[in-house]
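Same order as they appear, the protein sequences are chains A and B. Here this note's numbering is used: the first residue of the first sequence is 2, the next is one more, and so on. Here this note's numbering is used: the first residue of the second sequence is 2, the next is one more, and so on.
These are calculated hints, taken from the structure and not from any lab test. Honestly, I wouldn't trust all of these hints.
[To be verified] Distance ranges between label pairs, derived from CB positions:
(1) A/I90 to B/A43: 39 to 45 Å
(2) B/N37 to A/V41: 34 to 40 Å
(3) A/G17 to B/V41: 23 to 29 Å
(4) A/G80 to B/I70: 31 to 37 Å
(5) A/I90 to B/V9: 21 to 27 Å
(6) A/I90 to B/S8: 35 to 41 Å
(7) A/M2 to B/A43: 17 to 23 Å
(8) B/E44 to A/G72: 31 to 37 Å
(9) A/H45 to B/E61: 36 to 42 Å
[Said to hold, decoys possible] Incomplete in silico selection of chain B near chain A, CB under 10 Å:
(10) C4
(11) R20
(12) L23
(13) E33
(14) Y54
(15) V56
(16) G66
(17) N67
(18) Y78
(19) L84
[Said to hold, decoys possible] With a cut-off of at most 25 Å between alpha-carbon atoms, the simulated SDA-like pairs for lysine to any residue come out as follows:
(20) A/K21 to B/R59
(21) A/K64 to B/S8
(22) A/K57 to B/V48
(23) A/K64 to B/E7
(24) B/K57 to A/P73
(25) B/K57 to B/T19
(26) A/K57 to B/H5
(27) B/K57 to A/N6
(28) B/K108 to B/K68
(29) A/K57 to B/N6
(30) A/K68 to B/K21
(31) B/K68 to A/G27
(32) B/K57 to A/G72
Yeah, the Cβ is synthetic: ideal placement off N, Cα and C, and Gly gets one too.
There are 2 protein chains.
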Amino acid sequence: MICHNESVEPTPLFEGATRKLLARGGSLMLVEVRFNAGTVVAEHAHVHEQISYVVKGRVELSKGGNKEILGPGDSFYAGPDELHGVRFIEDSIIVDGFTPQREDFFK
Amino acid sequence: MICHNESVEPTPLFEGATRKLLARGGSLMLVEVRFNAGTVVAEHAHVHEQISYVVKGRVELSKGGNKEILGPGDSFYAGPDELHGVRFIEDSIIVDGFTPQREDFFK
Numbered sequence: 002m003i004c005h006n007e008s009v010e011p012t013p014l015f016e017g018a019t020r021k022l023l024a025r026g027g028s029l030m031l032v033e034v035r036f037n038a039g040t041v042v043a044e045h046a047h048v049h050e051q052i053s054y055v056v057k058g059r060v061e062l063s064k065g066g067n068k069e070i071l072g073p074g075d076s077f078y079a080g081p082d083e084l085h086g087v088r089f090i091e092d093s094i095i096v097d098g099f100t101p102q103r104e105d106f107f108k
Numbered sequence: 002m003i004c005h006n007e008s009v010e011p012t013p014l015f016e017g018a019t020r021k022l023l024a025r026g027g028s029l030m031l032v033e034v035r036f037n038a039g040t041v042v043a044e045h046a047h048v049h050e051q052i053s054y055v056v057k058g059r060v061e062l063s064k065g066g067n068k069e070i071l072g073p074g075d076s077f078y079a080g081p082d083e084l085h086g087v088r089f090i091e092d093s094i095i096v097d098g099f100t101p102q103r104e105d106f107f108k
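If we strip away everything but chain A, and leave its shape as in the complex, we get (with noise of 0.2 Å):
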């Protein structure tokens, strides 16, 4: 599968932050979230193995209550039912891998 991002529609999840399906197959989903500056996404765990790198701007990273900055580059993987959530520090885009794939997202 190849996925152009311009031809996805972008999903509103709240104000100030949404969510593109790109490329899946099998067992494998890569999802692009925007989030504003001042947004936050608090700390959750869901089943799925996550991989997510920062793309675009600052974001504060939340393991288990441990905070770490995360900028350009930076990643970090989120084993099934580990506690993680991020607070944007900056307008930022992140792109997160999951398997299996995230089937709720498409509800």
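With the hints as your guide, set chain B onto chain A.
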């Protein structure tokens, strides 16, 4: 696992091409590759599933002889044993997500 990009030493692949192993764990692995304009990764395949995202640059993706131009934000999925190759039109940064992890990259 949290991975700061500048803390990772790039592995030279060939002239004008480097690879960094970024965040990973369980069955997921994130890899950042930087290729100069003019470099080519010939079509190849592996048992690992792959999702790739163009962070910067412009590339010609080839899948089983089928060619398509990708730019920033564009992405693709390659299934197990699915042929894929890339010709780099501009200096580019791509992030690849793999499942399972590319144990061959640790050698």
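Okay, the hints, checked on the actual structure:
1. A/I90 to B/A43: 39 to 45 Å: Cβ of A/I90 to Cβ of B/A43: about 41 Å, so the range 39 to 45 Å holds.
2. B/N37 to A/V41: 34 to 40 Å: 39 Å, holds
3. A/G17 to B/V41: 23 to 29 Å: Violated - the Cβ-Cβ distance for A/G17 and B/V41, about 40 Å, lies outside 23 to 29 Å.
4. A/G80 to B/I70: 31 to 37 Å: 36 Å, holds
5. A/I90 to B/V9: 21 to 27 Å: 22 Å, holds
6. A/I90 to B/S8: 35 to 41 Å: 20 Å, violated
7. A/M2 to B/A43: 17 to 23 Å: 21 Å, holds
8. B/E44 to A/G72: 31 to 37 Å: 34 Å, holds
9. A/H45 to B/E61: 36 to 42 Å: 39 Å, holds
10. C4: Since the shortest Cβ distance to chain A is 5 Å, the answer is holds.
11. R20: Violated, about 13 Å.
12. L23: 4 Å, holds
13. E33: 7 Å, holds
14. Y54: 5 Å, holds
15. V56: 6 Å, holds
16. G66: 14 Å, violated
17. N67: Interface hint status for B/N67: holds (9 Å vs cutoff 10 Å).
18. Y78: 4 Å, holds
19. L84: 13 Å, violated
20. A/K21 to B/R59: OK: A/K21 and B/R59 at ~20 Å, within 25 Å.
21. A/K64 to B/S8: Judged against 25 Å, a Cα distance of about 20 Å means the pair holds.
22. A/K57 to B/V48: With Cα atoms ~31 Å apart, A/K57 and B/V48 exceed 25 Å; violated.
23. A/K64 to B/E7: 21 Å, holds
24. B/K57 to A/P73: This hinted pair holds, its Cα atoms lying about 12 Å apart.
25. B/K57 to B/T19: 15 Å, holds
26. A/K57 to B/H5: The hint holds at about 14 Å.
27. B/K57 to A/N6: 13 Å, holds
28. B/K108 to B/K68: With a Cα-Cα distance of about 31 Å, the restraint between B/K108 and B/K68 is violated, given a limit of 25 Å.
29. A/K57 to B/N6: 13 Å, holds
30. A/K68 to B/K21: Within the cut-off at roughly 24 Å; holds.
31. B/K68 to A/G27: 22 Å, holds
32. B/K57 to A/G72: 15 Å, holds
The structure does not agree with the numbered hints 3, 6, 11, 16, 19, 22 and 28 stated previously, though it agrees with the rest.
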